[in-house]
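Trainee: Using the sequences provided together with the hints, build the complete structure.
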Amino acid sequence: MLVAGLSFSTRLYKLTEPPHVCWDETHFGKMGSYYINRTFFFDVHPPLGKMLIGLAGYMSGYNGTFPFIKPGDKYENQNYWGMRGFCAVLGSFLPIFAYLIVLELSNSCTAAIIAATLLIFDTGCITISQYILLDPILMFFIMAAVLSMVKFNQQRYRSFTASWWFWLVLTGINLAGALGVKFVGLFVIVLVGLNTIGDLWRLLGDMSLSLVDIAKHFLARAFALILLPLILYVTIFAVHFVVLNKSGPGDGFFSSAFQSRLIGNNLHNASMPEYLAFGSTVTIKNLRIAGGYLHSHWHLYPEGVGARQQQVTAYLHKDYNNLWVVHRQQDNNSQSGNPDLVRHGDIVRLEHKETTRNLHSHLHEAPLTKKHFQVTGYGINGTGDANDLWQMEVCGGRKGDPVKVLRSKVRFLHRATGCVLYSSGKTLPKWGWEQIEVTCSPYLKETPSSQWNIEDHINPKLPNISLSVLKPNFLEILLESHIVMFRGNSGLKPKDNEMNSKPWHWPINYQGLRFSGVNATEYRVYLLGNPVVWWINLASLGLYFTMVAVASIATQRGFSLGQQRIEHSLVLVRGGGLLMLGWLLHYAPFFTMGRILYFHHYFPAMLFSSMLTGLTLDILFRSADLLLHPPYSYWFQRTGQLLLLFSILYSFYLFHPLSYGMTGPLAHEPGSAMAGLKWMDSWEF
Amino acid sequence: MWKMLQLPLVVTAQVDLLLVLVSLLAFWTRLSHLSYPNAVVFDEVYYGQFVSLYMKRVFFIDDSGPPLGHMILAFGAYLGGFDGNFVWNRIGAEYPTTVNVWSLRLLPALCGALCVPLVYLLTLELKFSHLSALGAAVLLLLENSLIVQSRFMLLESVLIFFVLLAFFSYLRFHNAPSSSWSRYIWLILSGVSCGAVVGVKYMGLFSYLLLLVVASLHTWKLIGDKTISHRNVCVQCVHRVLCLVVVPVLLYVFWFYVHLSFLNRSGPHDQLMSSAFQASLQGGLSRITRGQPLEVAYGSQVTLRSSVSQPIPCWLHSHKVNYPIRYDNGRGSSHQQQVTCYPFKDVNNWWIIKDPGRQQLVVDTPPRPVRHGDVIQLVHGMTSRFLNSHDVAAPMSPHTQEVSGYIDFNVSMPAQNLWRVDISNREAESEVWKTILSEVRLVHVNTSAVLKLSGVPLPDWGFRQLEVVADKLFKAHSSSLEWTVEEHRYGTSQEQKEREAELHSPTHIDVDRKISFWAKFVELQWKMLTVKQEESEHKYSSSPLEWITMETNIAYWLHSSTNAQIHLIGNPVSWGVGNLSLLAYQLLAVVYLLRRRRGLKDVPDGVWDQFVCLGCVCVGGWLVNFVPFLLMDKTLFLYHYLPALCYLYLLSPALLEHAHTHLLRYAHQLQHSLTHQRALCVGALAVLLSIFLTYRTFCPLTYGSPELSAHQLQGLKWRDTWDILYRRR
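Heads up: the protein sequence lines correspond to chains A and B, in order. Sequential numbering from 1 applies to the first sequence in our numbering. Sequential numbering from 1 applies to the second sequence in our numbering.
Any given hint could turn out to be false.
[Stated by the list, open to error] The calculated label-pair distances, taken between Cβ atoms and stated as ranges, are:
no. : chain 1 : residue 1 : chain 2 : residue 2 : range
1   : B       : Val249    : A       : Arg202    : 36 to 42 Å
2   : A       : Ser210    : B       : Thr661    : 30 to 36 Å
3   : B       : Thr447    : A       : Val242    : 54 to 60 Å
4   : A       : Pro631    : B       : Val249    : 46 to 52 Å
5   : A       : Asp625    : B       : Ser261    : 55 to 61 Å
6   : B       : Lys127    : A       : Asn473    : 53 to 59 Å
7   : B       : Asp723    : A       : Cys395    : 22 to 28 Å
8   : A       : Arg38     : B       : Leu600    : 57 to 63 Å
9   : A       : Leu541    : B       : Tyr78     : 45 to 51 Å
10  : B       : Ala93     : A       : Asn473    : 56 to 62 Å
11  : B       : Val249    : A       : Thr235    : 50 to 56 Å
These are computed hints drawn from the structure, not numbers from a lab. For clarity, every value in this text was computed on a predicted model and none was experimentally measured. Glycine included, C-beta positions come from ideal geometry on N, C-alpha and C.
Mentor: Structure follows, in structure tokens:
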């Protein structure tokens, strides 16, 4: 209770300060508003977190009109407290969960209290819980999943009872929640998965169970931990797509078929000429998911990259530079009457409407995919050379078939070299405005990368017919949105000038994140862990390894140990091992990630590390009787605990302005409240 | 004593004829016609340049791997009397007669050939029969891609050789009776080859780690053995740690020691290194800086080099051109003289250090050295402008302050030209500002901003030189803030004209400046790991997942006039056999594990241990040599897969033997097992035969002769994705 009280009061204190948009609130607050307005958008994270934020805002009377343009914008009289409060409440559960988990794992109240204290008085955990962010929601689900898993492990001798089922199902639900907020939830799924595999392995070795029993156990877990989360996860997406049915800023990332679902999109109940004809103005979309429109602009390829001609790229946003005009081989613009339809096998010339250059390819290496040829814009006013000719083929079509707008998959075969127009999906460097590379591939295999469809089609000489595009089914939408998300995630590469955080910075609390305010006059909040807490965690990791090594060597060599020692080493190896695994799973993968990383990515791992600290330090204090005789060892234990508590409290007193806001001069100037606390040069407060 | 020596003296020698036979065949396949083609083949063009530099003892940095591999290649060249006078610029360029091609390629080919008997011995050490050993050796012997890779001046065969040697000698040690002392020779040999593995390529690190894991598993068992005394256990553990950890690490450092003591002349990559490092090389910087005064004093004339070498090394520079009044985007500037960073030596790089309290620009006798914390002014030598900064946005990085040579336009923009000297490595060096050694920050006194190289090239008005700014919000440890004095002399002329003449004259005088080996080692290692080359896709590069099915090949060489060509193409049949056995092993292991857990022991414990050991070495070896590539962001080629492939070839026959002796015997009725075993033998023979036939088929592409017609080449294109070249006639 005490833990809960302290936890809620630290998190909810000064919640509404500062009254302006802080850091990533600009994204997640905005996306919450999109849900309230039912506008379609694109984000690299799954939708559950933003849906909950939107819901919390809706319940607390926020009307979704605040634009969230950039950090620092004043909220004025918008109801933003609901969204912040929701996140803070979820964040307040973390120390409580930590308390319960450690209690289950170690059966020691002291260990649990140490773990909870570390989290309650960590400035970083407080700060990250107080704003409209996905992280408190994510961490809530992670911890809840771990807690239910640990509880479930405790039920192992009461299989198939109600409480057994309850905790099993609860684990599954929380897993779905964690994955539904961010893909980082995958790590906790792996943790639970490994734990379950270990559990099944234990059951398999239990010769008193028949194979049928084991099959039952397996099926029960498969249902609750695989099937159920999957269903919930899919449901989340179903709700996402049903709620967001208006066209918005995320349209261009998706295929033509996908866009036709959205109200307000120009493909929704579209009406255009049905068959492609010569003289039409069209946009051409790559069929690869998140493939983009065939695009060109006035800029040339830079020197050293193939021929110095105009760039041709694929671009994800709608833009007038995506418009192309379909011409015959010889230009005969002066057509009268109905224009001829383009048919399978016809030779066409594609002229870029804005720059009047022809789509062109030649035997130069493509800029990134060196096995392919370069595609450029060439010629002027439609006069070019023989390299501008492309043969149009409808996939699966025969000679003479007309090209259906939206529905036909077409390929463009280059006449002179025999290669096929291809979008490699690689992002061009700065000179190409970070658009996607378009090449001409000599490998003629039919892949979505080499197939295109005609999306917009404008020809005033042809009658417009209302087209109902084949509406994609739900699974297709789900798959497509996932692929688009993964593309988006890997596309978040660090930019040159941006501050770039490295994973090894994190455990040592090397550098924080500025949430709000830079200058002396502003209200500043700085996301940084309480250094005392974090360095205790770091030291405990080393301590843990030493203790486990000593304990296991002693067992392996067969030294006779007392009953109590054996229990301690079991707690260390089993309970500590689980937490260690959790820490590793939430930390190690970041080293291999190429995307941009931030300090706050470490927080889930930090939760595990704090729980491990509680467990390790408790056993360390209890093992004092190895060196000291009974009364002294008891005193040592008490002094150690008190000292720990005092140092955490005092450091919290010192560093609390980091989360509750600072004003006045910066820390390296004398008159500041934080003077003398800038222990590392890299801290920026 | 005399009893030991019994007459007659008898020497008994056991010769494994099979082993001799496969070794001879291996030498024949790898070494015959080694000097054909007499032209630069594929990556020889890359390694060759380093061999040349070794011959000339010129310093270079190569980020692709530690120096042992290059040294081995260079040793081969040295044996052949290569003088380093050949320009490696183009694949297919003919070698002149002065270059002994045979000796250049000899060592990798030898290593490649020795892999075959090693695999034979390794299989025996894994406790499988001679027949399996022969099978593994034949698979390796007839693998076209391994033959191609060994026959040229490339490093994969060397790497594979050392990896196999390390595992073989470790297992020899492990299997030897614990009483014999000679087994420690094997342990040391294992440690030495581990050092060599890591020294040849960084990828070897993973194989080394695998060996450590296997060794620590064995040691863990040893610790659990309660029949051995505590003391004995400690001694054994210490031996293992010494041989398998300490020896490789020392050797690794030793390779660098040899590397650095060989390469003592300045060369093309000098500029990536710190001034102190460069000064230790003959020629280059040391020729210029030899004998400069050490301590920077008031009145010193200096060039200031930025400590970052990204994008290129450069020196603080100014010239008689002002910043444009307005930039392209409409922002205004101070219109004062430009200060930039210039990547070439130039007389405009000279600056004079002035005491703000005095007028003179010459050094006193005795000189007054500048110390940490002193406030100075910097005067540009040629234009006499003061280095200045103020609250005006810099041209390219507008969040920072502009740095200029101060010109008084009478526009209420006063001079702010005081800089405080902040020596950041004063603990390691000294409080006094020293040439080359001290890393200095120049802190602007008025604004406490720090002089920084932003690295952004200026537009045409700045002659594309690099922008220099003063930055207030800086990260604590960034080398873009550090500057070192590189060239230095005491100024003697007060008059501007004389001073200009003085600046144009070269510096001289003589003192030797030493930098310790450790400092050099750490710096070089750090640079090798952090230097990033521009990664781009190569025509023949491939992704790791394509290697398993051999989707791509690499064209190594094409005759300048005919269709004769060499490709890196593996033997498709053996490739398939390897993949199959990998799958089969995993399936079998899962079935065994599950059944053992239920108390059903299909095979006796001894055989089970043998099976597990096989998996640890072979499947583990394949994993550690393959999985890391999946996470890598580099340009990768098919030849990166070859080490992993060798493990599969080691696995296949052993697994077959296991199936033959245990699986078929236990899993079926007795009367059937004999026919099954026979069928298996016949099947294995048929596979071996087809491996031999495919080897023969692809020989022309492996050895580059005889020349094939376009039609025949078309027939060899077994996969659509292979690139085989045809000459148009």
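Trainee: Now, for every hint given, state plainly whether the structure supports it.
Mentor: We went through each hint and held it up to the structure:
As the Cβ distance of valine 249 of chain B to arginine 202 of chain A is approximately 40 Å, the hint placing it in 36 to 42 Å holds. Restraint check, serine 210 of chain A to threonine 661 of chain B: a C-beta distance of roughly 33 Å satisfies the suggested window 30 to 36 Å. A C-beta distance of roughly 57 Å is found between threonine 447 of chain B and valine 242 of chain A, which places it inside the suggested range of 54 to 60 Å. Taking 46 to 52 Å as the suggested C-beta distance range, the pair proline 631 of chain A and valine 249 of chain B conforms, at roughly 48 Å.
For aspartate 625 of chain A and serine 261 of chain B, the hinted distance range of 55 to 61 Å is satisfied, since their beta carbons lie about 57 Å from each other. The beta-carbon spacing between lysine 127 of chain B and asparagine 473 of chain A, approximately 57 Å, falls within the hinted interval of 53 to 59 Å. Evaluation of the 22 to 28 Å hint for aspartate 723 of chain B and cysteine 395 of chain A yields a pass: the beta carbon distance comes to about 26 Å. The supplied range of 57 to 63 Å is met by arginine 38 of chain A and leucine 600 of chain B, whose beta-carbon atoms lie about 60 Å from each other.
The supplied range of 45 to 51 Å is met by leucine 541 of chain A and tyrosine 78 of chain B, whose beta-carbon atoms lie about 49 Å from each other. Distance hint check: the CB atoms of alanine 93 of chain B and asparagine 473 of chain A are about 59 Å apart, consistent with the given range 56 to 62 Å. Valine 249 of chain B and threonine 235 of chain A have their C-beta atoms about 55 Å apart, which keeps the hinted 50 to 56 Å range intact.
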